[in-house]
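Required output: the full structure, derived from the provided sequences and hints.
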Amino acid sequence: MSGNPYQDDRGNKDASIVNPKGSGTLVSATGTGHEMHTQEAFLIGDSMTGGYGKSGPDILHDCTIAVDKGEIAVIVGPNGAGKSTGMKAVFGMLNLRQGSVRLGGEDITDLSPQARVRKGMGFVPQTHNIFTSMTVEENLEMGGFIREDDIQDTIEQVYELFPILRDKRNQPAGELSGGQRQQVAVGRALMTKPTVLMLDEPTAGVSPIVMDELFDRIIEVARTGISILMVEQNARQALEIADKGYVLVQGSNAHTGSGKDLLADPEVRQSFLGG
Amino acid sequence: MDFLNALVALSNFVLIPAIAYGSQLALGALGVTLIYGILRFSNFAHGDTMAFGAMVTILFTWWFQSMGISIHPLPTALLALPFGIVVTAMLLILTDRTVYRFYRRVKAKPIVFVMASMGVMFIMNGVVRFIIGPGDQRFADGERFIIRARDFKNATGLNEGLAFKTSQGITIVTAIIVVAVLFWFLNRTRTGKSMRAFSDNEDLALLSGINPERVVMITWIIVAALITIAGTLYGLDKTFKPFTYFQLLLPIFASAIVGGLGNPLGAIAGGFVIAFSEVTITYAWKKVAVYLLPESLEPSGLVQLMSTDYKFAVSFVILIVVLLIKPTGLFKGQSV
Numbered sequence: 000m001s002g003n004p005y006q007d008d009r010g011n012k013d014a015s016i017v018n019p020k021g022s023g024t025l026v027s028a029t030g031t032g033h034e035m036h037t038q039e040a041f042l043i044g045d046s047m048t049g050g051y052g053k054s055g056p057d058i059l060h061d062c063t064i065a066v067d068k069g070e071i072a073v074i075v076g077p078n079g080a081g082k083s084t085g086m087k088a089v090f091g092m093l094n095l096r097q098g099s100v101r102l103g104g105e106d107i108t109d110l111s112p113q114a115r116v117r118k119g120m121g122f123v124p125q126t127h128n129i130f131t132s133m134t135v136e137e138n139l140e141m142g143g144f145i146r147e148d149d150i151q152d153t154i155e156q157v158y159e160l161f162p163i164l165r166d167k168r169n170q171p172a173g174e175l176s177g178g179q180r181q182q183v184a185v186g187r188a189l190m191t192k193p194t195v196l197m198l199d200e201p202t203a204g205v206s207p208i209v210m211d212e213l214f215d216r217i218i219e220v221a222r223t224g225i226s227i228l229m230v231e232q233n234a235r236q237a238l239e240i241a242d243k244g245y246v247l248v249q250g251s252n253a254h255t256g257s258g259k260d261l262l263a264d265p266e267v268r269q270s271f272l273g274g
Numbered sequence: 000m001d002f003l004n005a006l007v008a009l010s011n012f013v014l015i016p017a018i019a020y021g022s023q024l025a026l027g028a029l030g031v032t033l034i035y036g037i038l039r040f041s042n043f044a045h046g047d048t049m050a051f052g053a054m055v056t057i058l059f060t061w062w063f064q065s066m067g068i069s070i071h072p073l074p075t076a077l078l079a080l081p082f083g084i085v086v087t088a089m090l091l092i093l094t095d096r097t098v099y100r101f102y103r104r105v106k107a108k109p110i111v112f113v114m115a116s117m118g119v120m121f122i123m124n125g126v127v128r129f130i131i132g133p134g135d136q137r138f139a140d141g142e143r144f145i146i147r148a149r150d151f152k153n154a155t156g157l158n159e160g161l162a163f164k165t166s167q168g169i170t171i172v173t174a175i176i177v178v179a180v181l182f183w184f185l186n187r188t189r190t191g192k193s194m195r196a197f198s199d200n201e202d203l204a205l206l207s208g209i210n211p212e213r214v215v216m217i218t219w220i221i222v223a224a225l226i227t228i229a230g231t232l233y234g235l236d237k238t239f240k241p242f243t244y245f246q247l248l249l250p251i252f253a254s255a256i257v258g259g260l261g262n263p264l265g266a267i268a269g270g271f272v273i274a275f276s277e278v279t280i281t282y283a284w285k286k287v288a289v290y291l292l293p294e295s296l297e298p299s300g301l302v303q304l305m306s307t308d309y310k311f312a313v314s315f316v317i318l319i320v321v322l323l324i325k326p327t328g329l330f331k332g333q334s335v
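Same order as they appear, the protein sequences are chains A and B. Per numbering that gives the first Met the number 0, residue 0 is the first one in the first sequence, and the count goes up by one each step. Per numbering that gives the first Met the number 0, residue 0 is the first one in the second sequence, and the count goes up by one each step.
For the record, the hints were derived by calculation from the structure and aren't laboratory data. Note that the structure is predicted; figures quoted are calculated from it, not measured. Glycine included, each C-beta is placed from N, C-alpha and C at the ideal position. Accuracy of the hints is not assured; some may be wrong.
[Stated by the list, open to error] Lysine-lysine pairs mimicking DSSO-like chemistry, simulated, CA-CA at most 30 Å apart:
no., chain 1, residue 1, chain 2, residue 2
1, B, K108, B, K331
2, A, K53, B, K108
3, B, K285, B, K152
4, A, K53, A, K118
5, B, K310, B, K164
6, A, K118, B, K106
7, B, K331, A, K167
8, A, K53, B, K106
[As the list claims (entries may be wrong)] Sample of chain A residues lacking proximity to chain B, with all beta carbon distances greater than 10 Å (derived):
no., residue
9, P19
10, G21
11, D57
12, D67
13, G98
14, D106
15, G119
16, T131
17, L160
18, R168
19, R216
20, G258
21, L272
In structure tokens:
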């Protein structure tokens, strides 16, 4: 109660003039001031707590990450904040001790990553995200391995999204440049026609020009109605295209808001965006 | 004339035997390289599984012979081969279920698999000797030669004869067919591509919905086919003796490593490199030299670099040299 001059207790003990008994102490919370919509979020990792292995230390502490349909959600934060871990938790590669993951209202907390792919989640790991010894086209074919129907149309769509891949279709994916490899990786994940696409640092190790182009492509993917959840090192550029941003610090939500709000927030700017 | 004689002698004693032997090694090495690529360990039980496959084929051959079934002039063993492959495939899948699957489930390091495969090797070794005995077995029948040495001499008028055995012809033709089918399977079919994907990047293959147990099972079936064919061809060409097959493990491993482990093309190239080195180094070159060199330079000795008893040393030396100089093998294989 400090800081409130009206609550100073000095001289307040004289029962002849004040009646200290029975006065109310209940204070109602003010709330966050904005609605979170976690109930209807398309994909949500809700208050997740957990770590690697059966008994590893907790890395995530009550962390919540959600993305709506057709939106781009970006997870940013300092090194070791648990950004990639948070994404892996949503994809079922981390042992959760608390919390749940829901996709379209269905609880998928106990499903394996493979089962989640069949539910419509696509995942692009940070490294080793392509079949290096196989051609670009074979990479895409393998991406659509679980599909029983004709995948040729989807391959065409991927080529339309990433025209450079059409020219390199018969080249081993391992011989491509960093940016092109990322395009193959994203293309491979798109082959299952996912409803959610998860990208773990898609622009790691590519030049700034290629990075801008990749972001453009990601926006294009989001426009087709696919939700995108992305971990990014390049926080500023990522937040610029983000509908929703999560700043994680030590495995917990530190700041949450729309990309623009976070970019405008002086505290976020100072701590994570370098002023 | 002398030059032609030299060429014929060379073909008769070096080229044809080396090509046939190289084909057998290549088939064996393809199996090793597939297991290395997909199950990620070197299978020490390979030689003895080969003996098992050949043994089953021989038992079926004897059975067919006793019933009077034959495909003359081809050896009856070819007819028995599919049955041998099926039984060997069943044995390999059984081995996988009882031994290797457990280690996959507990995510054991590949070295644990290697040690387990040695145990499998000893058991397989015992099973084969228990069933068919340790001695030599004859099962070849049908026409023995495609070209006889005497006919060749009469037809061409050369001093040197050229003999081309049926078993050698069958070996070369079968190897070409098997390799063509295998490459078509790996590069063109969905299942084959999924195997390559699994070998390339297991995690990503899982995320793409490829079922690892299915990939592993198909690998064992292909390996069963490859080694039963290789074992039977070797038995037809030379002789069937369990211990010889165990010894074949060294040149087969050498072939797979020389070519680049995990690379099917390398396995074939490696097989021929090893076969040609073994045959040329242990061959007595005197005959060829006499035809080619002037009389004054005629060699007095056999001009044999190494006795045939030491032929395994050749594979060993090549193996060591390759590991020292180019550990990934001639073709781009996975680093050893």
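Taking the hints in turn, this is what the structure says about them:
{"no.": "1", "hint": "B:K108 <-> B:K331", "result": "24 Å, holds"}
{"no.": "2", "hint": "A:K53 <-> B:K108", "result": "19 Å, holds"}
{"no.": "3", "hint": "B:K285 <-> B:K152", "result": "20 Å, holds"}
{"no.": "4", "hint": "A:K53 <-> A:K118", "result": "25 Å, holds"}
{"no.": "5", "hint": "B:K310 <-> B:K164", "result": "22 Å, holds"}
{"no.": "6", "hint": "A:K118 <-> B:K106", "result": "26 Å, holds"}
{"no.": "7", "hint": "B:K331 <-> A:K167", "result": "21 Å, holds"}
{"no.": "8", "hint": "A:K53 <-> B:K106", "result": "15 Å, holds"}
{"no.": "9", "hint": "P19", "result": "65 Å, holds"}
{"no.": "10", "hint": "G21", "result": "63 Å, holds"}
{"no.": "11", "hint": "D57", "result": "23 Å, holds"}
{"no.": "12", "hint": "D67", "result": "24 Å, holds"}
{"no.": "13", "hint": "G98", "result": "23 Å, holds"}
{"no.": "14", "hint": "D106", "result": "21 Å, holds"}
{"no.": "15", "hint": "G119", "result": "12 Å, holds"}
{"no.": "16", "hint": "T131", "result": "6 Å, violated"}
{"no.": "17", "hint": "L160", "result": "19 Å, holds"}
{"no.": "18", "hint": "R168", "result": "14 Å, holds"}
{"no.": "19", "hint": "R216", "result": "20 Å, holds"}
{"no.": "20", "hint": "G258", "result": "28 Å, holds"}
{"no.": "21", "hint": "L272", "result": "32 Å, holds"}
Checked against the numbered hints given earlier, the structure breaks only hint 16 and satisfies all the rest.
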